[in-house]
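Following the hints, position chain Y against chain W.
These protein sequence lines are chains W and Y, in that order. Number 59 in the working numbering belongs to position 59 of the first sequence; there are no gaps in the numbering. Number 95 in the working numbering belongs to position 95 of the second sequence; there are no gaps in the numbering.
Some hints here could point you the wrong way.
Derived, one-sided and incomplete: chain W residues facing chain Y with beta-carbon distance under 7 Å [claimed, not checked]:
1) 163
2) 165
3) 168
4) 212
5) 221
Derived by calculation from the structure, the hints in this document are not laboratory data. The beta carbon of each residue, even a glycine, is placed where N, CA and C say it ideally should be.
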Amino acid sequence: MSPFAALFVRDFRLAIRVGGGALIGVLFFLIVVTLIPFAMGPDLALLARVGPAILWIGALLASLLTLDRLLAIDHEDGSLDLILTARVALELTVAVKGVAHWLTTGLPLVIATPLLGLLLNLEPAATGAVALTLLVGTPALTFIGLIGAAITVALRRGGLLVAVLVLPLTIPVLIFGVAASNAAIVGPVRFGTPFSILCGLALMSIVVGTFAAAAALRHAME
Amino acid sequence: MALIDLANPTRFRALVDGVLPWLGAATVVAFAFGLERSYFAPDDYQQGATVKIMFIHVPAAWLGMMAWGLMSMAALGTLVWRHPLADVAAKTAAPLGAAFTLLCLVTGSLWGRPMWGTYWVWDARLTSELVLFLMYLGVIALWRTIDDPGRAARAVAVLTLVGALDLPIIKFSVDWWNTLHQPASVFRVGGSTIDASLLAPLFIMALAFTLLFFTLHLAAMRNEIMRRRVRTLLMMQADAAGGH
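Only chain W is shown next, with the shape it has when bound in the complex (with noise of 0.2 Å):
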């Protein structure tokens, strides 16, 4: 077996036993979910029009704080050490666990999506297009994300100082994944346009943070 292939099945394995971060990032969205209708009141027709924005701003946020089980946590047990040492180019080794990680963390989100939008009394179609941006911005997410992780590897008390990090990076993703999702709702732009530009957004993020990840890690553990 490969030692991507290896360290793929490890972290899927780990993530999505009892107490990894599969379920609990599942659970987090749909309690941020939930509570933003307690704070806006019950108003449907007003929970319609947010709606895409509040599955956005969740999905965001249990990214965010799944983020330790990314890099951290093998930090603390030092698998990391031995991840590093092995002869293989730490982008591809760093980009094998940021697919996994989303695999785990960032689809479940996805497919969660379809239930919340029920809360939020989106329309199907709305919640369609939410579920297809969530689709392709995860990733963006995860990745972007991976790059905070990186550079806190180190850090034990990091806390929200990855998030600090991380959301202005993030907002772009945020920006057009909500105008994607709401072109498709009202318009008067095509869903296409800032789908698209999700797209790339992605696209481009997917790289920027696999490099960006392997060189703060290759600095953080000189």
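Okay, now just chain Y, sitting in the frame of chain W:
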């Protein structure tokens, strides 16, 4: 004197000690001249005397972006060439850049109230400038969180280079999006659209702001070098005390 000669902190301090008084004097002169020119500049036909906020707002914006550009070059110096003073330059540029960006946001907000009727609007340029300010605060937080300056320098360097992607977004935001903010009026294809009577004070104030930035920056770099020396001495002292 090549850049690498300045890598010696003692030689750098000697240079700063020699240059700084002249730089400070030049700053004062430039500000005096710039403020006098700004005061006597004509009123705008639409905005009246309010246009003179531009003489602070625009140079502050330019300096805020230039500081991040300087930090990016310093980041490359740290990561690629391991220049010893690159991280000192980056660390001291961050609070200055944040201050200029904040000045830009505040003066712009005060200018927007009479001109646009609102203190803030979520258009592309204001949003991307606010994101720049948040990134400055994040970088300052990161510098303070990692204890070892060398390790902090490398972590911040990566973050700075990623954040440098915001600079072209700020610059071209008024071209790429429908924004309330004024489109490019100075650095644009086809030359500036501002009349010379207002453009000249603007450039003089920009020069004054730049001299101010470098005066403060060099002084801060000297302070940071001394701060690190103190830190090393304290660590050596603690080490010697522990050896007993």
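Okay, the hints, checked on the actual structure:
Checking residue 163/W against chain Y by beta carbon gives a least distance of about 9 Å; that is not within 7 Å, so the hint is violated. A least Cβ separation of about 5 Å between residue 165/W and chain Y falls short of the 7 Å threshold, and the interface hint therefore holds. Satisfaction of the interface hint for residue 168/W is found here, the shortest Cβ-Cβ separation to chain Y being roughly 4 Å, below the 7 Å cut-off. At about 5 Å, the closest approach between the beta carbon of residue 212/W and any beta carbon in chain Y falls short of 7 Å, and the interface hint on this residue holds.
A distance limit of 7 Å between C-beta atoms decides the matter here; for residue 221/W the minimum to chain Y is near 10 Å, and the interface restraint is violated.
The structure is inconsistent with the numbered hints 1 and 5, although it conforms to all the rest.
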